[in-house]
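Asker: Given the coordinates of chain A, work out where chain B should sit on it, guided by the hints.
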Amino acid sequence: MAELIRPRRALSTNPLKSSAPLGAAMAFLGIERGIPLFHGAQGCAAFAMVHMVRHFREAIPLQTTAMNEVTTILGGADQIEEAIGNLMKRASPRFIGIASTALTETRGEDIAGELADIMARRPDFAGLKVVYASTPDFEGALEDGWSRAVTAIIDALVPDVDPMFCDRDLRQVNILPAAYLTPAEIDEIVRMIRAFGLKPIVLPDLSASLDGHLAEDWSGASLGGTALDEIPAMARSAVTFAIGESMRAPANLLAERGHMAVQVFPALTGLKAVDAFVSALMRVAGTDDAPPAIRRDRARAQDAMLDAHFQIGGLKYAIAADPDLAYALSSALAGMGAEAVSAVTTSAANPIVGAIPCTQVLLGDLGDLEEGARAGGARLLISHAHGRHAAHALGLPLLRAGFPVNDRLGPQDVCRVGYRGTRAFFFEVANVVLAHPHHPAPEDFGAAPIEREFEHDRPQTAPH
Amino acid sequence: MSDALKTTVQEAFSEPACAANRAKTAADRKKGCSKPLTPGAAAGGCAFDGAKITLQPIVDVAHLVHAPLACEGNAWDNRGSASSGPMLYKTGFTTDLTELDIVMGKGEKKLYAAIREIVERHHPPAVFVYATCVTAMIGDDIEAVCKAATAAFGTPAIPVTVPGYAGSKNLGCKLAGEMMFRHVIGTMEPERTTDCDINIIGDYNLSGELWQIKPLLDRLGIRILGSLAADARYKQVAVMHRARVSMLVCAHALIGLARKLEEDHGIPFFEGSFYGIADTSEALRTMCRMLVERGAAPDLLDRCEALIAEEEAKVRAELEPYRARVQGKRVLLYTGGHKSWSVVSALQELGVEVVGTSVRKATDNDKAKVVEIMGTDAHMYENMAPREMYATLRASGADILMSGARSQFVALKARVPWIDVNQEKHEPYAGYMGMVDLVRAIDRSVNNPMWADVRRPAPWDEPRAFAGIRPAPKGRCPVSGLSNDPKDFEDC
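Sequences listed follow chains A and B, in order.
Going by the working numbering, the letters in the first sequence line up with residues 1 to 464, in that order.
Going by the working numbering, the letters in the second sequence line up with residues 1001 to 1492, in that order.
Same shape as in the complex, but just chain A (with noise of 0.2 Å):
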């Protein structure tokens, strides 16, 4: 449907973009015990701890490398173990994820081969797992890192099994969410896998990790996340599921080592969206019912669609986001009849951007939604929360959806998916409607003022 364009020009305004290697943290912070390291200077780090730190509102156990001018010459092994060791002593990780970043991925290591010498040489390092992923801040965006970080946790940790002797769990299901999904997202997904009578993995797991709970103790490393025996385990799965056309990837060598099939949903909001996804477990539970709350749900979904499109049918919105959450949420809206008149995102590796209901789709910046909604006569606008520049010089509303959200409360409670998220997001954007009424004055008709004789002379309060 869409074509991707790419603008010619030097400039970036008002980026959209967050760069991979914080994707690839966020994905490594949904391991239990884990901690994101990145291999890099100190304030790679730095900016993505406080990005993160700022949309989370948690403390972000993300550690660097500190490469210096010397280190980066000489290569960064020796930072790396120096690194593991301390991160050891101080918070006593069961996970270690190593995030490249674009200076050592400039100037070129083989991490992988020097740290399994590491690994090898260092038996104090022995309970713990560590997994690397290539992860250039030049290439790709959030999207991609997450992707990268899930695809080397598999590659590292799920075992090659035998499907002839492997004891299949037939009721287990993988679940590989994209990077857009937040917990209470994820929290919404287990619970329709869970009211089918299966089992859940989710990789990663951010609903245990940075839902915003407060911990008892002090951790120093993620606060929970997907168990790390419950991993190799994956392999063992009946299925496994992609949600985002960027887990394609991740997915299909999970299925690869478990002999599995595998599906990915391109998006779970909209009815029909979430009507693939509740088939497809009601295939694996064998069951030619669904449970009540599901039934409930999608009746309500049902109600929220007729009632929500009065408000969407005809808007004209303009969407800037990662392509997959960019996908998920205009494609619901098309199909409540509202009109993407402009749609920006931030990576060409994602097949997904030519399914967006836009005739075009700029991988570009803010900027070019802000010119994008101006031409096309937006009435609001979806992005994250730096959109809000955009938003205050259109003088329209701003929806806030995607990474970073720093000037909201709550951005990991917000869901959209399943027929409960979907009910949610519609009513979302016909209150923004609501709440920006158009109120109809002559001089939208062309029509004279009222003459002056008729007003009465005395001033009144004006109530609005």
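Because the hints were derived from the structure by calculation, they are not lab data.
One should not assume that every hint holds.
Straight-line alpha carbon distances no greater than 30 Å define the calculated DSSO-like cross-link-like pairs of lysine-lysine that follow [said to hold, decoys possible]: (1) B:Lys-1413 <-> A:Lys-272; (2) B:Lys-1413 <-> A:Lys-316; (3) B:Lys-1425 <-> A:Lys-316; (4) A:Lys-316 <-> B:Lys-1314; (5) B:Lys-1147 <-> B:Lys-1169; (6) B:Lys-1169 <-> B:Lys-1110; (7) A:Lys-272 <-> A:Lys-316.
Answerer: Only chain B this time, still in chain A's reference frame:
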């Protein structure tokens, strides 16, 4: 009911200008035109509601409801009459009578004080005081209080003695017109008058509908002098007696007022509608003809014809792109009856099929028109119960329902598109440009992909291939903590 109110009601029912009334026998006429209400099966608003609807669009006036809270508290701020200036009409004022006020007879004092507070704080050109069932029953003399307040505060306090139990909403509209005639019209003089001054009676400027018409009048040099009550100022009601012609907009309810303006002030009136292309042109034509008859320059007629020709060509061109999108769609119309017929003929021009219509409030004349346009009377519904309408819609008897808000959910629950064409609507559909807006709204609604989505069967209602048998769940249920392992049961 007080004797004065009884007489007023009786007069309202014996309206000589009303065609339906003239056709009745003397005995029938005495019974009045409102049908008796059936307990347990009544719907629609009361007389107070009707009076408030009619008068609330006067935008610079303070509307004070003398009642316990329900009358204003449950009803205020729910209509879309637009204002081009003052917003005081949107403020809900009520005396909020308590049990003590009622038992101790403090209503009149409280009302007097309330009027004073409004005048001091808001300086409106007038305060309209609405009587309601309770205050009428306990005998508060609103007219006396208003008289005293007017004298004391120097701001007219206008009694609107239309308590809810006097009758239906329609009766309330009539009586509101009567109240204006008695207490407001003729109390002020305009600074100047022209040969082309008109009154518009019975339009409420919903979502700005008046302003869809006003550019046409502006271009013809016709001035809206008096208005009841679209975007009206108090003064525009007070000077209605100086207009040359009155137009009564799709409302039989205010015909009595129009007739009295004719009898007492020599202002002829005509009934017209601004819904649909043909009716809009017809209304403009009649208006100009009558103005010329009353002394306006005769070239107005030519200018009017030129304007109509230009606007009709323009609107037809603007509608043409929608033809392909709405052609063949089947509409079920469920409204008061007469006012939408011009809309229907415009829709039919675009290939929309009207599969049925209600004729609830329609006169015999209206019914004849239905037969004329539809070619048969087979699709006239006198009244349709919600269940019956649901069944018709659910069985795909129509692609879209056009009605008032009351049947909104009948349509939606039957998964059928619905367009609001009554007074609660949020989009203006008047005049030539309003017709384009209406067709655009139909297109947007009926062609929304949401309908196909919402009608699709649920995954569990679709035929499914046999998926094989799964082993029983193992381990403990993560929610209940109960064991799924059959061995555990053997142990206990």
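Asker: All hints, please: hold or fail.
Answerer: We went through each hint and held it up to the structure:
The suggested pairing of B:Lys-1413 with A:Lys-272 holds, with an alpha-carbon distance near 19 Å, which does not exceed 30 Å. With a C-alpha separation of about 26 Å, the suggested pairing of B:Lys-1413 with A:Lys-316 holds against the 30 Å cut-off. Only pairs whose Cα atoms come within 30 Å are accepted, and B:Lys-1425 paired with A:Lys-316 is accepted, the gap being roughly 21 Å. A C-alpha spacing of about 26 Å is found between A:Lys-316 and B:Lys-1314, which places the hinted pair at or below 30 Å, so the restraint holds.
Of the pairs offered as hints, the one joining B:Lys-1147 and B:Lys-1169 holds, with about 27 Å between alpha carbons and a cut-off of 30 Å not exceeded. The straight-line distance between the Cα atoms of B:Lys-1169 and B:Lys-1110 is roughly 27 Å, inside the 30 Å bound, and the hint therefore holds. Straight-line distance between C-alpha atoms of A:Lys-272 and A:Lys-316 comes to about 22 Å, which keeps the hinted pair within the 30 Å bound.
When the structure is compared with the earlier hints, no violation turns up for any of them.
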